[in-house]
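Reminder that position 124 of the sequence shown reads as 124 in UniProt numbering, one-by-one numbering, no gaps.
Calculated directly from the structure, the hints in this document are not laboratory data.
The beta carbon of each residue, even a glycine, is placed where N, CA and C say it ideally should be.
Mixed in with the good hints, there may be bad ones.
Claimed, not checked - Dumping the calculated DSBU-like pairs for lysine-lysine here, alpha-carbon to alpha-carbon at most 35 angstroms: (1) Lys73 / Lys91; (2) Lys73 / Lys89; (3) Lys94 / Lys73; (4) Lys73 / Lys41.
Said to hold, decoys possible - Pairwise CB distance ranges, derived in the manner of DEER restraints: (5) Lys89 / Glu128: 32 to 42 angstroms; (6) Met108 / Ile76: 26 to 36 angstroms; (7) His47 / Glu80: 26 to 36 angstroms; (8) Lys94 / Leu65: 37 to 47 angstroms; (9) Asp74 / Ala48: 39 to 49 angstroms; (10) Leu65 / Gly29: 16 to 26 angstroms; (11) Glu128 / Ser96: 27 to 37 angstroms; (12) Ile76 / Ala114: 51 to 61 angstroms; (13) Asp117 / Lys89: 19 to 29 angstroms; (14) Thr32 / His54: 39 to 49 angstroms; (15) Val90 / Gly29: 53 to 63 angstroms; (16) Pro43 / Asp17: 22 to 32 angstroms.
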Amino acid sequence: MKVLGSDFYTHGIVPVDIKTRLFRLRGQGQTTIFIVPDIEKHPALTHAREMENHPNVVSVDNTLLAHENAEVKDTIAVQEAALRESGMKVKLYKESMVGGERVSSAAMIRQITALADKLEILKTVLPEEYHQHLGMESKDRTDGMACTDGMSE
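Using the sequences plus the hints, can you model the full thing?
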């Protein structure tokens, strides 16, 4: 037996090519879509044609981007705080290093002066033959020392 058409015909279903329009109820974002035949005198179609003549532009705020934007701002704020903190640490280290160098320079000068005084005492106590071992051939050698770090005693 010769079958005309497709399986639709054998089951009693006849396909009809008809224009349709898809509708969704106003204010119902992700709800049911209604399929209405595209017939000129259908009340839904006349209302749809009126709406097509006056289109509305609707913008929807994407809250995902706002959330990501807030996260980025928080991250930037944390990084800026860390940068400020590290800048303050660097400043503190620089100040303490300069101050520490001055303190250590002053301490070294005091220590050198104390050693020079000790050598003077040893020079008076020890006989003349040991003076060459003390490294103090002349008395003005310690008098020529000057403080070059800008601090005065």
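In ascending order, which of the hints set out earlier in this document are inconsistent with the structure?
-> 4, 5, 6, 7, 11, 13, 14
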